[in-house]
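Asker: Here the sequence shown stands for residues 1 to 187, where the numbers follow my numbering.
The set of hints was computed from the structure by calculation and includes no laboratory data. None of the hints are false.
Below, in silico cross-link-like pairs of lysine-lysine (DSS-like), each with a Cα-Cα straight-line distance of 25 Å or less:
1. K140 x K44
2. K68 x K44
3. K45 x K22
4. K45 x K16
5. K16 x K68
6. K45 x K140
7. K44 x K22
8. K45 x K143
9. K45 x K68
Pairwise CB distance ranges, derived in the manner of DEER restraints:
10. N126 x P78: 13 to 21 Å
11. H63 x V175: 51 to 59 Å
12. R26 x V175: 53 to 61 Å
13. K68 x S154: 34 to 42 Å
14. R173 x N64: 50 to 58 Å
15. N39 x S154: 38 to 46 Å
16. A119 x Q144: 33 to 41 Å
17. Y34 x M174: 46 to 54 Å
18. L33 x V175: 40 to 48 Å
19. N126 x R173: 43 to 51 Å
20. F28 x A159: 50 to 58 Å
21. S13 x L160: 52 to 60 Å
22. D3 x K68: 31 to 39 Å
23. N126 x L33: 13 to 21 Å
We treat Cβ as the ideally placed atom computed from N, Cα and C, and that holds for glycine.
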Amino acid sequence: MIDQPLSILIISSNSKDIETVKSKIRSFAPNSLYVVARNEANLKKRIGWLDYHMVICDHQLPHNQAQKANIRLRITMPYLPFILITDCPEMENGFLSKESSSWSVRAIIGRSHLDQSGAVIQSVYNNSAETVEQERNCQKRIKQKNLLLQKFESLLKQALRPLNSFTLEELSRMVFNRHKIIGNFIS
Numbered sequence: 001m002i003d004q005p006l007s008i009l010i011i012s013s014n015s016k017d018i019e020t021v022k023s024k025i026r027s028f029a030p031n032s033l034y035v036v037a038r039n040e041a042n043l044k045k046r047i048g049w050l051d052y053h054m055v056i057c058d059h060q061l062p063h064n065q066a067q068k069a070n071i072r073l074r075i076t077m078p079y080l081p082f083i084l085i086t087d088c089p090e091m092e093n094g095f096l097s098k099e100s101s102s103w104s105v106r107a108i109i110g111r112s113h114l115d116q117s118g119a120v121i122q123s124v125y126n127n128s129a130e131t132v133e134q135e136r137n138c139q140k141r142i143k144q145k146n147l148l149l150q151k152f153e154s155l156l157k158q159a160l161r162p163l164n165s166f167t168l169e170e171l172s173r174m175v176f177n178r179h180k181i182i183g184n185f186i187s
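Using the sequences provided together with the hints, build the complete structure.
Answerer: Here is the structure:
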């Protein structure tokens, strides 16, 4: 049983599949949060709503939307586990085509086996939870460093102005901020 709330992005237009997947996840993670994207336009809006723990996607979405969703997620959140739901018998039996293996899929669940999907989803979460958390922390540190670099760049631009154009208050604030930013950047 997982007590922490999992954030799960479900990309599917099939309401029955969505409810089945949710009920299976509730059996081992009752506090989970779900964001459902029924098409590519929904996905674009909802991709940044939460820090997701995994993505579950219907392979049979029209107009290659599943493939587009996977590409979009690989660019923005490459560390997220991606689970496919499919009707394709070759994929259901564990055979991964070149197409599906290039998607970085962690699991494939046949639509006819959705009733037993809870164990597969829990296994994917258990195997990837630590990696996802490490990657999130790394992404946060990168964002913080980039923000500090931007602040530092701004200070450098200010420093290039002639000294006589600054007030005494501006000069003292710049010196204080410089020490603060350099100290944060080093740590």
